[in-house]
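Listed in order, the protein sequences are those of chains G and A.
Each residue of the first sequence is one higher than the one before, starting from 24 at the first, in our numbering.
Each residue of the second sequence is one higher than the one before, starting from 1446 at the first, in our numbering.
Treat the hints as calculated values from the structure; they're not laboratory data.
Certain hints may be false.
[Unchecked claim] One side only, chain G facing chain A, incomplete, derived with CB under 8 angstroms: (1) ASN154; (2) ARG179; (3) LEU221; (4) PRO224; (5) HIS225; (6) GLY281.
All C-beta atoms, glycine included, are put in the ideal place defined by N, C-alpha and C.
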Amino acid sequence: MTAVIAGVGMTRPTPHQDVLVGAELAASAFVEALSDAGVERRQVEGLVVQHGQPGGADYDEFAQFMNLDVEFCYQMWAHGRLTGSAIKLGAMMIDSGAVDVVACVTGYRSEYARIGGVGGTGFHEEVRTRNGGGPHGEQPYVGITAPLGQAAMALRSYQLTYGVSPDRLYDVVAAERGAAARNPDALRQRQLTYEEYLAEPHVVAPLRRPDCSPVSEAGSCIILAREQDVPRRGIKILGHAGVPAGREEFIWSRPGLGVWMQSGSPDFLVDDRVFVTSGVSRSDVDLFYTYDAFSPLVWFGLERYGYCGPGQAADFIADTGIHLEGGLPTNTSGGMLCEASRAGWGHLIEAVRQLRGEAGDRQVRDAQIAHWGACFGESLLFGRA
Amino acid sequence: MTDPRPDALRPVRALQVAQERDWTLTVLDIDAAYKRYLAEGELWLPFCASCSRFLPAWISRCADHWDAGMEMAQVVGEFRLWSWVEYLRSYPLPVAVEAPYIVAAVDIEKGPRVHGFVLGPAAEIEGRGRGVPMLLDRERTKSLGTPVFKFASE
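Using the sequences provided together with the hints, build the complete structure.
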């Protein structure tokens, strides 16, 4: 893609922001990203909003709030599964020649998106209005409440298929806590011992509390532009693959686990789309970022993209390491599990900062290529300019 | 067995039911028939005779046999455990079940997995492997109006 990531910005995550509304959260990140990119507010011609109302700011509300004069806007379904798609769409706006500078922005209040929480019967109002159940497989009439219910179901299915103990998720939690300890903005910075992890209560067994991301407020923004139009060198978008859908896909699973409508056939194909279309090899990837609202999603993401075989993620993590000094540093800001539940935006911004060499104490040396690859198939490759 | 009634796949009072229950049900105008049978202690699902397969309750036409139509049919044959979770805390539910409770994903013959409660202590399900035979607990299904399964060995 000719568009590059020119600037990033995000609000500091907090469990509760009583002052800021969604528009202010998004705007704070937007102002920071403009400054980071060296772009003037009036240069922004395109706008992609991820989380609108409730809790966020709709595209027209945001443009009015920030006194923008934009000519190409789009607002996504307010789900983290489309975070990467927001960036792709913004880049496509530029590549098409329609606009020169795009702001991709999100901001939402946590009470409207309790992704890691378990209170209530569902997520937004959708669980009550979709005929087939909520967008994460919520089915309150059979007791499946909140997004984490089907994530736990996927983990149990994984355990029954491959014989891997859920207790081994400790290594995921420990790696992300280790990274978070070097991120002053992370909500969960304290490392857990294995015994402490096992002592944590189950929320929906087999998921324990540390396996679920903490609720947070979030404002995030990524500015896209053409390389020649911005003063600093941008981060290149080397490849992308869209969110797939169908009966073999489910938001909290990779194919093959038999969750929701998946057949459960273990013979799933490794998702190579982003590598095939970019020409980048999996072995070229220095950093891996994956959606981790719940810890087993890290296992599923590693396996989906072929970093290890089916059922082998726990061994891969033990042998190769996903911590900052490991063979495949993963979710280097602490991820959703420890930094904050930013619906994936925190991962994308962290990848940019790592590739720029601006990640502070958690900087991974000489990182050249970062892969954002969610277990549900959303994928992007970023490269140092 | 199939349901010959012409309205077997049509909405029956679903909107009213959802409103009565404070919308804590998914909007089930499309699977009202499914719920109606559950209230009678039976498990019926949309069935495509052309591919001889059941479909989830909310899918009213077979995408592969669009013009063939579908009918509600009673699910018979073996039920087997696929996966399960245990809720340790109570959250508002539209059915009278308190935590801790178990939700199982159960394989049915010629059809999708069906989710349902397994009532009783988790210890009874711990250690049971995938594929363990199960039965629809008709009495509890009828009393709760939602699928309840039990182990065939009980």
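Against the structure, the hints:
Look at ASN154 of chain G: its Cβ gets to within about 4 angstroms of chain A, closer than 8 angstroms, so that hint holds up. The closest approach between the C-beta of ARG179 of chain G and any C-beta of chain A is roughly 5 angstroms, which is under the 8 angstroms cut-off, so the hint is satisfied. About 15 angstroms separates the beta-carbon of LEU221 of chain G from the nearest beta-carbon of chain A, more than 8 angstroms, and the hint is not met. Taken as an interface hint, PRO224 of chain G checks out: its beta carbon lies about 7 angstroms from the nearest beta carbon of chain A, inside 8 angstroms.
For HIS225 of chain G, the shortest C-beta to C-beta distance to chain A is roughly 5 angstroms, which falls under 8 angstroms, so the interface hint holds. For GLY281 of chain G, the interface hint holds, the least distance from its beta-carbon to any beta-carbon of chain A being 6 angstroms, beneath 8 angstroms.
The structure shown violates just one earlier hint, number 3.
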